[in-house]
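In order, the protein sequences belong to chains U and R. Number 564 marks the last residue of the first sequence (my numbering); no jumps. Number 194 marks the last residue of the second sequence (my numbering); no jumps.
Certain hints may be false.
Said to hold, decoys possible - Listed next, the in silico DSSO-like pairs over lysine-lysine satisfying Cα-Cα at most 30 Å (straight line):
| no. | chain 1 | residue 1 | chain 2 | residue 2 |
| --- | --- | --- | --- | --- |
| 1 | U | 492 | R | 130 |
| 2 | U | 536 | R | 103 |
| 3 | U | 536 | R | 138 |
| 4 | U | 494 | R | 68 |
| 5 | R | 138 | R | 149 |
Said to hold, decoys possible - Here are a few chain R residues that face chain U, going by a calculated C-beta distance under 7 Å:
| no. | residue |
| --- | --- |
| 6 | 49 |
| 7 | 89 |
| 8 | 92 |
Honestly, the hints are just simulated from the structure, not real lab data. Being a predicted model, the structure only gives us computed values, none of them experimental. No residue lacks a Cβ here, since even glycine has one placed at the ideal position from N, Cα and C.
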Amino acid sequence: MRSRRALFFAVSAGTLLLVCPPAAAAPRTYTVVIDKMKFGPVPAQLRKGDAIIWVNRDFLRHTATATDHSFDADLPANAKVKTVLKKSGAIPFICRYHPGMRGVLRVR
Amino acid sequence: MKHVIALIAAAAILARASAAVAAAAPTDPQIAHIAYTAGSLDVAAGKQALARSHDKAVRGFAEDMVRDHQAVNVKALDLVKKLHVTPEDNATSQGLTKAAQATSERLAKLSGAAFDKAYIDNEVAYHKAVNAALETTLIPSAKNAELKSLLQTGLTLFREHQMHAEQIAKGLK
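Let the sequences and hints guide you as you build the complete structure.
Following this line, the structure appears as structure tokens:
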């Protein structure tokens, strides 16, 4: 009897796992630092919904601008701006004022 | 022709600064003065372009020059203050100022497409000359690490400016 009950619970739990998808990973926030006319390393494992805080440590004004226009952060000297990644895929970005400064975000 | 002479003059002044380094490298107070002067002259050129040009790309470039060179000079002034260094006037700074004065007078007589082309051509040549001087003379001669670092960031920035000016020059008739 006890084993049948245990079996029932095990099956029920299994069914529940099948029915309810695993909760989506909570959005995370990452930092990308701009210093001496360069974007620092970009985080790997980015997911849609995650956020990036762009930190401009330069004394120059920069922007972090997606070439597909999905984000455009204006970054005066020493500013911090948060952008949320609303789409997945490879998103190249540049500084509009200094287009030689560039990088790519890879969002899953 | 005058325009070519002015460009050659600016390049020659900076080349002379490079050649002089073999005999006596510029000191940090002189380097600070040359870098600040070169920046101020380009801010003035940018303001002249904003007063005279109606071309969107040229005006955008001029705004970038005013904003970036002013920012570098504010940083340079903060640094010399912190280091208790008094920038020292020298032949290179004086030569640059004289050449820029001649260029400004020549540009003041031009308008429209002729002005745009002359301004951008001068910006290409000016940034080329300043970048060469930074690379071969000013950065290697700088003793203070913070000054050297600022000049290196400046060189990365001014190379961007040179590329941007070259790109605009291609689009101007």
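Structure-based check of each hint:
1. U:492 with R:130: violated, 38 Å
2. U:536 with R:103: Holds. Residue 536 (chain U) to residue 103 (chain R) sits at ~26 Å (cutoff 30 Å).
3. U:536 with R:138: violated, 38 Å
4. U:494 with R:68: Given pair residue 494 (chain U), residue 68 (chain R) holds - Cα atoms ~27 Å apart, limit 30 Å.
5. R:138 with R:149: Judged against 30 Å, a Cα distance of about 17 Å means the pair holds.
6. 49: violated, 19 Å
7. 89: Hint on residue 89 (chain R): holds, closest Cβ of chain U at ~6 Å, below 7 Å.
8. 92: Nearest chain U Cβ about 5 Å off; hint holds.
When each numbered hint is compared with the structure, violations occur for hints 1, 3, 6.
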